[in-house]
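*Asks:* The primary structure of each chain is shown beneath.
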Amino acid sequence: MRLALFYSDLRGIESIYNRITAHELGVFLVSNGIYHAVLKENGKPSPILDKKDATFYILKEDLETRGFSDNEVDKRVKVIAYDDLVDLIMDKYEKLAWL
Amino acid sequence: MGELKNKIMFVVQRPPYKSEDPKLALTHALSSGVTSIHIDEEIVPTVAFIGDGVLNCIKDQKSMEAYGITSNERHIKNMLATDTKTLVCKEDIERLGIKEDRLIDASDMGAEMTIKVVPFNEILKEMEANDHLMFF
Numbered sequence: 001m002r003l004a005l006f007y008s009d010l011r012g013i014e015s016i017y018n019r020i021t022a023h024e025l026g027v028f029l030v031s032n033g034i035y036h037a038v039l040k041e042n043g044k045p046s047p048i049l050d051k052k053d054a055t056f057y058i059l060k061e062d063l064e065t066r067g068f069s070d071n072e073v074d075k076r077v078k079v080i081a082y083d084d085l086v087d088l089i090m091d092k093y094e095k096l097a098w099l
Numbered sequence: 001m002g003e004l005k006n007k008i009m010f011v012v013q014r015p016p017y018k019s020e021d022p023k024l025a026l027t028h029a030l031s032s033g034v035t036s037i038h039i040d041e042e043i044v045p046t047v048a049f050i051g052d053g054v055l056n057c058i059k060d061q062k063s064m065e066a067y068g069i070t071s072n073e074r075h076i077k078n079m080l081a082t083d084t085k086t087l088v089c090k091e092d093i094e095r096l097g098i099k100e101d102r103l104i105d106a107s108d109m110g111a112e113m114t115i116k117v118v119p120f121n122e123i124l125k126e127m128e129a130n131d132h133l134m135f136f
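Residue numbers (our numbering), protein chains in the order written: chain A, 1 to 99; chain B, 1 to 136.
Bear in mind the hints are in silico, worked out from the structure with no lab data behind them. Take the hints with a grain of salt, since some may be wrong.
[Said to hold, decoys possible] Calculated cross-link-like contacts (lysine-lysine; reagent style DSS-like; alpha-carbon spacing at most 30 angstroms):
| hint | chain 1 | residue 1 | chain 2 | residue 2 |
| --- | --- | --- | --- | --- |
| 1 | B | 7 | A | 44 |
| 2 | A | 78 | A | 95 |
| 3 | B | 18 | A | 92 |
| 4 | A | 78 | B | 125 |
| 5 | B | 125 | B | 77 |
[Said to hold, decoys possible] Not the full set, but computed from the structure, chain B residues with beta-carbon under 8 angstroms of chain A:
| hint | residue |
| --- | --- |
| 6 | 15 |
| 7 | 16 |
| 8 | 130 |
| 9 | 133 |
It should be emphasised that the depicted structure is a prediction, and the values quoted were computed from it without experimental measurement. A virtual CB, placed ideally from N, CA and C, is assigned to each residue, including glycine.
Next comes chain A alone, as it looks inside the complex:
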């Protein structure tokens, strides 16, 4: 399955996230999920970015709404605008899930 997974919170959804696998997995950091790409809690990057074989995206609008900019984003995560997000979920992935 080609799955686009929307990760939208800072806490409480890791256990489900960790169990989800897909042949092709795109993780979209949106809403309060963006903090996983910019914060280093206790000096460490978020473990959600360690998921194997996933492609990570972060929504620029949600990043900037919360006071962060592109240059603070973890190098493993691609910054995309809302238009790009629409294109990706329409063209690249066949199913969507929202955590």
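Using the hints provided, position chain B relative to the given structure of chain A.
*Replies:* Okay, now just chain B, sitting in the frame of chain A:
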């Protein structure tokens, strides 16, 4: 203004935007001045940010540009401009790796009040000193 004084502390524990809770805390605190006039009692608000709630205090929030909504930064700047005591938990900003220079200030609005970074213990003392506590 009447003789009575009510000290109310608003404690924000959730990050901004996904939940409305932080914005409710800020707008309630901001409305204290108007409330004082209506009920003829002085309302003295204090706002404290703890846990993931400290993420509300990061400056340069662009929610108006992205989604057309007033940012929590704007509310916090208005609080500072109206001399609302505003505390942020030192341990939590350190845990999340947020430097103090990333915190909102309202000096461009002429505010003398700034966000005060304090240990959690000091926030607890402030809770004791207030008449009412509201957690958001």
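*Asks:* Checking against the hints above, which ones are violated?
*Replies:* Going through the list in order, the structure violates hints 1, 4, 8 and 9 and respects the others.
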